[in-house]
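A.B. asks: Each chain, written out:
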Amino acid sequence: MNEITRRRVLRGMVDGTAVTVALPFLNIFLNGNGTALADGAKLPVRFGTWAWGLGMNEKIFVPKQKGANWELPEEIESLKNVKQHINLFTRFNGFRDAAPNLCHKTGWVISRAGMAPMNQTDYPGETIDITIAKKIAGPTRFSVLTTTATGNVRDSFSYENANSMSIADYSPLLFYTKLFGEDFQDPNAPEFKANPRVMVRKSVLSGIMDSTKDLGGRVGAEDKARLDQYFTGLRELERQFDQQLQKPEPRAACVVGKAPKDDPQAGLDYQLVGKRHQMMTDLLVMAIACDQTRVFNMAYSQSAAATSKAGYDKPHHTASHEEPVDFDLGYQPQVSWFIRRSMENWAYFVEAFAKMKEGDGHLIDNVLIYATTDQSLARIHSIDNQPMFTAGRAGGRIKAGLHLDGGGSPGTRLGLTAMKVFGIEANSWGTQSNATQKEIGEIVA
Amino acid sequence: MASAAVAVLGLAGCSQQGAGSSAAKAPAAGAAQVSDYSGTVARVRRMTPEQYHNTVAYIFGNDLEVGAPFAPLRRTDGLLASGAASVGITTGELQQLQRSASAIAAQVIDKGSIEQNTPSRRDFLIPCKPADETAADDACATLFVKSMGRLLYRRPLPEARVAEFVAGARKGASDLKNFYSGLAGVIEGMLLDPKVLLIADLTEPDPTHPGKQRLDAYSLASRLSFFLWDAAPDDQLIKDAESGLLFTAKGRAKVVDRMLASPRLEAGVRAFFDDMFGFEDFGNLAKDASVYPMMTGATIKDAREQTLRTVIDQLVTRKMDYRDIYTSRQTFMSPALATVYQVPTKPGWVPYEFPADSPRVGLLTQISFLALHAHPARSSPTYRGKALRERLLCQKVPPPPANVDFSILENPNPLLKTARQRLEAHRANPVCAGCHKITDPMGLALENFDGAGRFRTAEKGADIDTSGALDGKDFKDVVGLGQAMHDHPSLTSCLVRRVYSYAVGGPLSSADDPAITALNTAFGQSGYKLPSLMRMIAASDAFYEIVEPAAETKAAQGSSPVPSEPAAVTK
Numbered sequence: 001m002n003e004i005t006r007r008r009v010l011r012g013m014v015d016g017t018a019v020t021v022a023l024p025f026l027n028i029f030l031n032g033n034g035t036a037l038a039d040g041a042k043l044p045v046r047f048g049t050w051a052w053g054l055g056m057n058e059k060i061f062v063p064k065q066k067g068a069n070w071e072l073p074e075e076i077e078s079l080k081n082v083k084q085h086i087n088l089f090t091r092f093n094g095f096r097d098a099a100p101n102l103c104h105k106t107g108w109v110i111s112r113a114g115m116a117p118m119n120q121t122d123y124p125g126e127t128i129d130i131t132i133a134k135k136i137a138g139p140t141r142f143s144v145l146t147t148t149a150t151g152n153v154r155d156s157f158s159y160e161n162a163n164s165m166s167i168a169d170y171s172p173l174l175f176y177t178k179l180f181g182e183d184f185q186d187p188n189a190p191e192f193k194a195n196p197r198v199m200v201r202k203s204v205l206s207g208i209m210d211s212t213k214d215l216g217g218r219v220g221a222e223d224k225a226r227l228d229q230y231f232t233g234l235r236e237l238e239r240q241f242d243q244q245l246q247k248p249e250p251r252a253a254c255v256v257g258k259a260p261k262d263d264p265q266a267g268l269d270y271q272l273v274g275k276r277h278q279m280m281t282d283l284l285v286m287a288i289a290c291d292q293t294r295v296f297n298m299a300y301s302q303s304a305a306a307t308s309k310a311g312y313d314k315p316h317h318t319a320s321h322e323e324p325v326d327f328d329l330g331y332q333p334q335v336s337w338f339i340r341r342s343m344e345n346w347a348y349f350v351e352a353f354a355k356m357k358e359g360d361g362h363l364i365d366n367v368l369i370y371a372t373t374d375q376s377l378a379r380i381h382s383i384d385n386q387p388m389f390t391a392g393r394a395g396g397r398i399k400a401g402l403h404l405d406g407g408g409s410p411g412t413r414l415g416l417t418a419m420k421v422f423g424i425e426a427n428s429w430g431t432q433s434n435a436t437q438k439e440i441g442e443i444v445a
Numbered sequence: 001m002a003s004a005a006v007a008v009l010g011l012a013g014c015s016q017q018g019a020g021s022s023a024a025k026a027p028a029a030g031a032a033q034v035s036d037y038s039g040t041v042a043r044v045r046r047m048t049p050e051q052y053h054n055t056v057a058y059i060f061g062n063d064l065e066v067g068a069p070f071a072p073l074r075r076t077d078g079l080l081a082s083g084a085a086s087v088g089i090t091t092g093e094l095q096q097l098q099r100s101a102s103a104i105a106a107q108v109i110d111k112g113s114i115e116q117n118t119p120s121r122r123d124f125l126i127p128c129k130p131a132d133e134t135a136a137d138d139a140c141a142t143l144f145v146k147s148m149g150r151l152l153y154r155r156p157l158p159e160a161r162v163a164e165f166v167a168g169a170r171k172g173a174s175d176l177k178n179f180y181s182g183l184a185g186v187i188e189g190m191l192l193d194p195k196v197l198l199i200a201d202l203t204e205p206d207p208t209h210p211g212k213q214r215l216d217a218y219s220l221a222s223r224l225s226f227f228l229w230d231a232a233p234d235d236q237l238i239k240d241a242e243s244g245l246l247f248t249a250k251g252r253a254k255v256v257d258r259m260l261a262s263p264r265l266e267a268g269v270r271a272f273f274d275d276m277f278g279f280e281d282f283g284n285l286a287k288d289a290s291v292y293p294m295m296t297g298a299t300i301k302d303a304r305e306q307t308l309r310t311v312i313d314q315l316v317t318r319k320m321d322y323r324d325i326y327t328s329r330q331t332f333m334s335p336a337l338a339t340v341y342q343v344p345t346k347p348g349w350v351p352y353e354f355p356a357d358s359p360r361v362g363l364l365t366q367i368s369f370l371a372l373h374a375h376p377a378r379s380s381p382t383y384r385g386k387a388l389r390e391r392l393l394c395q396k397v398p399p400p401p402a403n404v405d406f407s408i409l410e411n412p413n414p415l416l417k418t419a420r421q422r423l424e425a426h427r428a429n430p431v432c433a434g435c436h437k438i439t440d441p442m443g444l445a446l447e448n449f450d451g452a453g454r455f456r457t458a459e460k461g462a463d464i465d466t467s468g469a470l471d472g473k474d475f476k477d478v479v480g481l482g483q484a485m486h487d488h489p490s491l492t493s494c495l496v497r498r499v500y501s502y503a504v505g506g507p508l509s510s511a512d513d514p515a516i517t518a519l520n521t522a523f524g525q526s527g528y529k530l531p532s533l534m535r536m537i538a539a540s541d542a543f544y545e546i547v548e549p550a551a552e553t554k555a556a557q558g559s560s561p562v563p564s565e566p567a568a569v570t571k
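Taken in sequence, the protein lines are chains X and C.
All residue numbers for the first sequence refer to our numbering, where the first residue is 1 and numbers rise by one.
All residue numbers for the second sequence refer to our numbering, where the first residue is 1 and numbers rise by one.
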């Protein structure tokens with residue numbers, strides 16, 4: 001067999017093929033102990049989210065044991081290869097207070113924004129990924145990368161504000177072009193020459209900012225706020241142009257493969273979704289390894305997941321309401337089948353980070369991924385005891401491999417913990433009963 | 001209030017909006033006073049993806065690759081386009097817009113290639129040639145900036161702005177040693193300017209109504225153009241704004257008639273119905289290939305096209321009564337669709353009329369409606385009934401209660417073979433019955449069509465009963481449903497609401513009640529002709545008169561759009 005090269009391995013990943021071989025690593029980029037770049041800069045710590053729809057079947061999802069020694073129940077047994085990299089959080093609660101239980105919405109909005117929405121058009125003011133991105137996105141090309149495996153641009157759980165959803169990248173082909181197309185600067189290129197077109201772009205931008213201010217002065221207060229947001233975006237664009245004019249830090253793990261040949265065909269068959277998820281994950285992981293972003297989102301499904309399988313006439317969400325409970329098993333078997341596919345893809349996502357070498361460890365050591373869902377028991381739209389996961393060690397700040405029992409305390413504690421890990425000076429997070437000042441200390445290293 | 005508010009259906013049944021009823025009692029044609037109402041709200045809208053595409057295509061050519069730079073809009077008051085009045089533009093979206101702008105600019109200055117058989121767009125899009133391609137040329141840049149800037153900004157650029165852009169082109173040409181590359185930088189900049197991407201209703205004092213405001217002439221031209229053409233104004237319309245023609249009733253009527261006669265009207269009407277019918281969902285529609293192997297990507301694409309072709313043909317080309325599209329058997333056929341309809345056809349799109357005894361009657365029996373509102377592997381009377389009420393009658397079906405067990409729908413009792421039987425069992429639960437009484441009686445009338453829209457007479461060996469009722473009208477089959485839709489007063493009043501909302505660029509409020517009432521009357525007098533409705537709206541004085549937003553509109557637009565801090569974090 002021919003020698004497996006770094007480039008060959010990564011080509012395989014971009015094509016969605018599972019990789020089991022550790023990447024060769026260029027130690028020249030690192031300091032002596034592999035925790036920092038050669039110039040002394042620390043390896044960045046990144047924040048990400050992962051979303052799946054329709055919760056769990058508690059009986060076969062929640063481990064009987066707590067702490068470090070827990071066994072994987074059958075609905076999550078596919079996590080066995082990544083168990084050491086994840087934490088599972090159960091019996092943490094989201095609270096509606098006076099708000100209605102909005103099917104497939106209340107649960108995820110509490111997890112991502114710390115608030116219970118009052119109606120179906122009440123969207124989160126700012127989701128946790130945006131809050132953290134404001135703190136850590138810093139010198140990267142994309143402040144946040146938001147992706148979905150559904151192929152639908154609308155499937156995003158990220159909001160800058162109530163009227164501004166982050167666009168989900170949904171096509172592997174387009175995502176590749178966005179990440180590694182013409183504007184990509186290979187951080188490991190031997191020579192750097194600033195692109196003069198970027199300088200031209202930047203020079204035109206100041207006139208656009210003036211135009212934005214002018215228009216903002218001629219419209220009503222609410223529209224002026226939108227123009228202010230526009231202006232902030234232009235500032236961010238300007239910062240990104242500045243960044244493109246600087247030589248990027250070398251990133252040893254950054255080896256970009258070929259563009260995917262085709263997008264998976266449209267549809268929500270679990271195999272298509274899985275293929276799309278693999279392709280988008282592999283591209284996302286490479287983008288992070290190349291330090292194109294430090295905050296990312298992946299939606300495996302929408303909240304009311306419509307994932308389907310050939311020959312079964314009910315998509316996941318429909319099945320959750322229409323499939324009878326098997327009295328012997330104590331749960332809906334087809335619904336559980338769909339949840340198991342979700343967990344397989346969660347395992348793939350974590351493993352993709354775990355396999356990517358970085359420093360003397362792996363990318364998984366320098367990320368914190370927060371995984372949430374929209375219900376606990378979807379059949380009755382319950383939001384009590386919604387399960388959550390984290391993956392990664394956040395640069396050594398987070399322990400992994402634990403099963404935590406929240407005892408009914410607010411699930412927002414995990415979001416608050418994440419914010420504090422990333423240096424956000426928040427004394428509390430969440431509104432009304434979801435407001436918490438208490439981190440989950442057991443996972444803090 | 002009543003006519004402007006969306007009807008929310010109570011558990012006991014449907015309320016009916018009165019506007020359509022008043023149309024039936026309308027006085028003779030020509031008596032409607034659509035200028036009785038006082039005006040509309042000034043808004044700032046983000047261009048929709050289609051408006052951006054159309055605008056770029058009309059200015060630079062329809063063969064340009066534009067990309068998909070915009071975030072999806074939130075459906076507001078029944079329309080995605082109304083969501084454009086409140087949506088913000090995120091940092092990520094601006095990045096995508098910048099990339100799209102860069103790609104468009106590169107195509108505009110492309111010099112073409114004989115080998116690759118690509119045109120030299122610069123030769124026909126740039127109205128002059130530089131003295132030296134490797135250097136700046138202020139005179140040529142000025143000509144370009146003025147002509148293109150006028151179309152992109154939808155008004156003449158101030159001299160100072162022209163000078164800024166020319167200076168930018170000069171610097172770019174100098175840095176890149178190429179005149180055209182310098183212009184590309186300017187085009188990129190223009191395409192990122194909020195004055196291009198946002199459709200802002202700019203106002204001025206109305207000299208004919210002291211103390212009141214009106215749209216300025218260029219904003220009025222934009223409002224007309226995005227309404228009727230779904231694109232920015234053409235050069236003639238900007239000239240009409242410059243000349244003051246738009247502020248005389250006679251002049252505006254002449255302009256509107258020209259616009260209604262333009263081939264661009266088709267794009268405008270298509271965009272409106274694509275939005276109203278919720279056809280954005282086609283982008284992610286897929287059927288279980290093991291159940292519906294004939295439903296390929298081509299079939300799904302053609303299903304959307306079939307309905308839009310039918311609408312254009314009947315409502316624009318032939319100016320038919322809007323209600324008749326729910327009873328007409330005339331449509332268009334493609335080979336991919338013919339497989340599902342099980343009819344013979346010819347290559348390409350051809351006019352087709354279903355036989356008089358066919359159950360294919362009107363839009364509800366087209367694949368677009370039947371397949372879009374169904375599951376991947378089976379039909380859904382509930383989805384179809386809900387779509388019929390919400391999309392076509394402007395009624396609101398309450399969401400299902402959160403804590404209810406639906407699993408009876410899959411009752412293992414093998415005697416429950418048809419959807420009707422299963423739903424009847426489901427409705428035994430009184431909590432479920434309320435909502436399903438609203439959606440199912442008309443959805444079940446469409447059960448002769450499976451989840452792909454194929455005709456069938458039985459499900460699992462049991463005969464299908466297609467009888468039903470719609471707001472007091474009983475029928476025995478889908479032909480009766482089509483007639484009930486045709487005669488439903490909310491059918492036309494709903495169209496009026498949607499068209500008016502689309503025209504003025506945002507959700508309606510009680511302040512729009514007089515307009516809706518007057519338009520309902522006038523629409524009826526016109527014989528429910530869509531072009532007449534569009535003309536009445538576009539040519540009225542009220543279309544450019546500006547009023548303060550009603551209080552409930554402000555409330556309905558939701559929370560403050562840009563909190564400077566995440567609301568839930570305390571420090």
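Keep in mind that the hints are not guaranteed to be accurate.
[What the hints assert, rightly or not] Covered by chain C, per the in silico footprint, the following chain X stretches (three or more residues, Cβ under 8 angstroms):
#1 154-164
#2 399-406
[Said to hold, decoys possible] Just the calculated beta-carbon pair ranges, DEER-fashion:
#3 C:Glu133 to X:Arg235: 31 to 39 angstroms
#4 C:Gln116 to X:Glu238: 50 to 58 angstroms
#5 C:Gly112 to X:Gly181: 36 to 44 angstroms
#6 C:Glu65 to X:Leu329: 46 to 54 angstroms
#7 X:Gly181 to C:Ala135: 23 to 31 angstroms
Worth flagging that the hints you see were computed from the coordinates, not collected in a lab.
For each residue, glycine too, the CB sits at the ideal point set by N, CA and C.
A.B. asks: Would you check chain C against the region 399-406 of chain X, counting CB to CB pairs closer than 8 angstroms, and say if three or more residues qualify?
C.D. replies: violated (count 0)
A.B. asks: Does the Cβ-Cβ separation between C:Gln116 and X:Glu238 fall within 50 to 58 angstroms?
C.D. replies: violated (35 angstroms)
A.B. asks: Is 36 to 44 angstroms a correct range for the gap between the Cβ atoms of C:Gly112 and X:Gly181?
C.D. replies: violated (22 angstroms)
A.B. asks: For X:Gly181 and C:Ala135, compare the CB-CB distance with the range 23 to 31 angstroms and indicate the outcome.
C.D. replies: Holds - the Cβ-Cβ distance for X:Gly181 and C:Ala135, about 30 angstroms, lies within 23 to 31 angstroms.
A.B. asks: Does the Cβ-Cβ separation between C:Glu65 and X:Leu329 fall within 46 to 54 angstroms?
C.D. replies: Once the Cβ atoms are compared, 52 angstroms apart, the range 46 to 54 angstroms for X:Leu329 and C:Glu65 holds.
A.B. asks: Do the Cβ positions of C:Glu133 and X:Arg235 conform to the proposed distance bound of 31 to 39 angstroms?
C.D. replies: holds (34 angstroms)
A.B. asks: Are 3 or more residues of the region 154-164 of chain X near chain C, judged by a Cβ distance of less than 8 angstroms?
C.D. replies: holds (count 6)
Hint compliance for this structure: hints 2, 4, 5 are not met, and every other hint is.
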